[in-house]
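A.B. asks: Take these sequences, add in the hints, and give me the full structure.
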Amino acid sequence: DARVTQTPRHKVTEMGQEVTMRCQPILGHNTVFWYRQTMMQGLELLAYFRNRAPLDDSGMPKDRFSAEMPDATLATLKIQPSEPRDSAVYFCASGGLAVYNSPLHFGNGTRLTVT
Amino acid sequence: KNEVEQSPQNLTAQEGEFITINCSYSVGISALHWLQQHPGGGIVSLFMLSSGKKKHGRLIATINIQEKHSSLHITASHPRDSAVYICAVRSNRDDKIIFGKGTRLHILP
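Which chain is which? The protein sequence lines are A and B, in order.
According to our numbering, the first sequence is numbered sequentially starting from 2.
According to our numbering, the second sequence is numbered sequentially starting from 40.
By construction, these hints were calculated from the structure, which means they are not laboratory data.
Model, not experiment: these values are computed from the prediction.
Any given hint could turn out to be false.
As the list claims (entries may be wrong) - Here are the simulated EDC-like cross-link-like pairs (lysine to aspartate or glutamate), alpha carbons at most 20 Å apart as the crow flies: (1) Lys135(B) - Glu54(B); (2) Lys12(A) - Glu84(A); (3) Lys140(B) - Glu69(A); (4) Lys94(B) - Glu42(B); (5) Lys135(B) - Asp58(A); (6) Lys107(B) - Asp120(B); (7) Lys79(A) - Glu69(A); (8) Lys79(A) - Asp57(A); (9) Lys140(B) - Glu84(A); (10) Lys63(A) - Asp87(A); (11) Lys140(B) - Glu45(A); (12) Lys135(B) - Glu84(A); (13) Lys140(B) - Glu42(B); (14) Lys79(A) - Asp58(A); (15) Lys135(B) - Glu56(B).
What the hints assert, rightly or not - Simulated restraints on C-beta separations: (16) Arg97(B) - Leu75(A): 26 to 32 Å; (17) Gln42(A) - Thr114(B): 27 to 33 Å; (18) His77(B) - Asn52(A): 20 to 26 Å; (19) Pro118(B) - Thr114(A): 28 to 34 Å.
What the hints assert, rightly or not - What the simulated footprint calls covered on chain A by chain B, stretch by stretch (three residues with Cβ under 8 Å from a Cβ of chain B suffice, anywhere in the stretch; the number is not a length): (20) 27-33; (21) 107-114.
Cβ atoms here follow ideal geometry from the backbone N, Cα and C, with glycine treated the same way.
C.D. replies: Laid out in structure tokens, this is it:
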């Protein structure tokens, strides 16, 4: 079964450290989304890409977060410097061509704890 | 006001009951997704709808595009259906996915 792969599954780090989360979308999918989930806010869209180009990253704190797709098989989300309020589960999801309205496929998430 | 509203926020029911979770949205959409998340678990896509109705086992999802409303029904509910159910819409303007806050369902044995 094709699946979205996220690494690492868990990350514990100290405030101020850089955190990099990785996502391997399903081969052939051309849209990639990064989400954050917290108890208080639920799921929030941070950024998304179509054909590797960033379409919207208005959900991200620009001063510390960055999202990139260096190639079609890898999406990265970086936080530098990390803060305790960044503690959350970060999900990546990929989907096929928008015109075909393909289902979303989610990775298992990266649980980030910043102390 | 949220662009995607779900109701109820929390729902507790007895095993065997018929369950309905509602989702209303205010934007133009190309598709609506129903997602399921078990405690501590990943997110699974249950349905993707752009019109009409879909059925999978005991789950039924309907959408009324004119009224901008969708419902997720569970027949003969079971404790293993206990999860958070999330409605998400794909904007037809910019492809953005907008999530509802989720409905936490608890089915008692």
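A.B. asks: The structure should be examined with respect to each hint, and the outcome stated for every one.
C.D. replies: Each hint, compared with the structure:
Restraint check for Lys135(B) and Glu54(B): the C-alpha separation of about 36 Å exceeds 20 Å, so the hint is violated. The hinted pair formed by Lys12(A) and Glu84(A) meets the criterion: a straight-line CA distance of about 13 Å does not exceed 20 Å. Between the alpha carbons of Lys140(B) and Glu69(A) the distance comes to roughly 27 Å, so the proposed pair goes past 20 Å and is violated. For the suggested pair Lys94(B) and Glu42(B), the alpha carbons sit about 26 Å apart, so the restraint of at most 20 Å is broken.
Our distance criterion of 20 Å between C-alpha atoms is met by Lys135(B) and Asp58(A), whose separation comes to about 11 Å. Restraint check for Lys107(B) and Asp120(B): not satisfied, since their Cα atoms lie roughly 26 Å apart, outside the 20 Å limit. The suggested pairing of Lys79(A) with Glu69(A) holds, with an alpha-carbon distance near 9 Å, which does not exceed 20 Å. Pair hint Lys79(A) plus Asp57(A) holds up; C-alpha atoms about 16 Å apart against a cutoff of 20 Å.
Of the supplied pair hints, the one linking Lys140(B) and Glu84(A) is violated, its CA atoms being roughly 24 Å apart against a limit of 20 Å. A C-alpha spacing of about 13 Å is found between Lys63(A) and Asp87(A), which places the hinted pair at or below 20 Å, so the restraint holds. For the given pair, Lys140(B) sits about 10 Å from Glu45(A) by alpha-carbon distance, which is consistent with the 20 Å threshold. About 27 Å separates the Cα atoms of Lys135(B) and Glu84(A), which puts this hinted pair outside 20 Å; it is violated.
As the CA atoms of Lys140(B) and Glu42(B) are separated by approximately 11 Å, the hinted pair is consistent with the 20 Å bound. The suggested pairing of Lys79(A) with Asp58(A) holds, with an alpha-carbon distance near 13 Å, which does not exceed 20 Å. As the CA atoms of Lys135(B) and Glu56(B) are separated by approximately 35 Å, the hinted pair breaks the 20 Å bound. Checked against the hint of 26 to 32 Å, the C-beta distance between Arg97(B) and Leu75(A) comes to roughly 38 Å, which is inconsistent with it.
At roughly 32 Å, the beta carbons of Gln42(A) and Thr114(B) sit within the given window of 27 to 33 Å. The beta-carbon spacing between His77(B) and Asn52(A), approximately 33 Å, falls outside the hinted interval of 20 to 26 Å. Separated by about 30 Å at the C-beta atoms, Pro118(B) and Thr114(A) satisfy the suggested range of 28 to 34 Å. Residues of the stretch 27-33 of chain A lying with their CB closer than 8 Å to a CB of chain B number 1, which falls below the three-residue condition for coverage.
Under a criterion of three residues with beta carbons nearer than 8 Å to beta carbons of chain B, the stated coverage of the stretch 107-114 of chain A is upheld, 4 such residues being counted.
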